[in-house]
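For this one, chain A is given, so just place chain B on it according to the hints.
If you read the protein sequences in the order shown, they are chains A and B. When you line the first sequence up against this note's numbering, it's residues 1 to 88, in that order. When you line the second sequence up against this note's numbering, it's residues 1 to 194, in that order.
Read the hints as simulated data drawn from the structure, not as lab findings. Every residue, glycine too, gets a C-beta built ideally from N, C-alpha and C. Be careful, since some hints might not be right.
[As the list claims (entries may be wrong)] If you want a taste of the chain A side facing chain B, the calculated C-beta under 7 Å gives, among others:
no.	residue
1	Pro-30
2	Ile-52
3	Ala-88
Chain by chain, the residues:
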Amino acid sequence: MATFNVTGTVTDSDGLSTPFTGSFTTASPPVVNSVTISPQSAPAGTLRTITISATDPNTPGGPLTYTCSVNGTPATATAQANVFTFTA
Amino acid sequence: MTDLPVAVTVTDSFGLSASATATVTIAGGTTTINVGETTVLSETDNGNGNLLVAQPITLAQQSTLQSLSFYVATVGGQLRLGLYSGATPTTLVAQGAAFTPVAGWNMQSVTSPPLPAGQYWLAYFPASNTLGFRKAETGGTSYFKTVTFGAMPSTFPTSPSTTPSHWSLYATFIVTQDTTPPSIPTNLTATNVS
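Chain B extracted, bound-state conformation:
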């Protein structure tokens, strides 16, 4: 069972506002899994301002995206994190708001409807070449394309470049466990075979 915070704000015509909170409970036996690169890789990297980068992950079971986490070694400018689907990065599934990352792991709440198992792409999108992060030049094929920083495009840009690198970037998914017991078979018969 997982509780998610609900935040509401009400504003009147004077601009005065009041806030309240509540909780949504995801029931039925849930667990979270991290998919992607959860370790702080050793090789430093930067200079990716206005570059939309996507690295592959495989989702083994239907899950709901809860958050995306990106490791920053050197702060500088804003960042967006998102998730694409497709055999290559194609369709934007979810993205977070632009934020100013801090040094270390930056977890952003990014949620989605339930996603079927399959191939997905963790995307990061820095605004500045100053932002520094960590990578390894292994891990499959990642895609990148120069795009002016802003909201991630709903469709990944055409004719992207590729690299064998991947970055310290992972997604946290909520996995719903099947807690429904199997039904009891009826009308069974047995035959003595000996």
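Looking at chain A on its own, in the form it has when it is part of the complex:
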């Protein structure tokens, strides 16, 4: 997350002026560090576990939501938001 400071001056028709300051921040998208599939290579019909490691640069440890699909079909969510299972 980057913070930008804003400064300026407001001047009226009499030449009187007042300075002002402010700031705004811009958020960065989350970063996907890795996608781990276990087992990655196995015979058809194998239950696989897909684990996503991601970080939120704006709020370290902040909440993230995850979606995951295999060949266009949604994988099964687990109790851990970043872990999915899929049989393929």
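Structure of chain B alone, referenced to chain A:
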């Protein structure tokens, strides 16, 4: 060996998101087979909006459903494709998301756990009477029932009607080949019989 794409998306509290991809490999020697009607049949058909239709296929060996393909001659509205099991269409095995088909073959990714050999039913479910497709009035007995378009019911509706027609609709399965060599027998003895 078959590779399947894995797509993930992560979204933060600002609604900003990031995506990544990976690959699942189905190992052990696999091949794909198409089961159903793979040709573009000659007879035009439409008017099946809100009609859940299932036509028979026989799966000769344990396989995993990979996709369903349906031929559209005239576009119009959404469509769902799915697979039922049973001696008559009974239990929903898998279905794809509703999608807006284009003219020509429409392949939808629809996957399943490994399915034993047996009788299955390819199902299509148009939302609009405008959607046009191809059929032949042969190929066994198909079942159909009027249902409001949406997700396919987990159990095929009771008291469906039947028709001898079938449509240009097929499934692609992944067949796992047995690559385990046989074990070498031990403790064999031979007797001279001559």
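Taking the numbered hints from earlier one at a time, note which ones the structure violates and give those numbers from smallest to largest.
none
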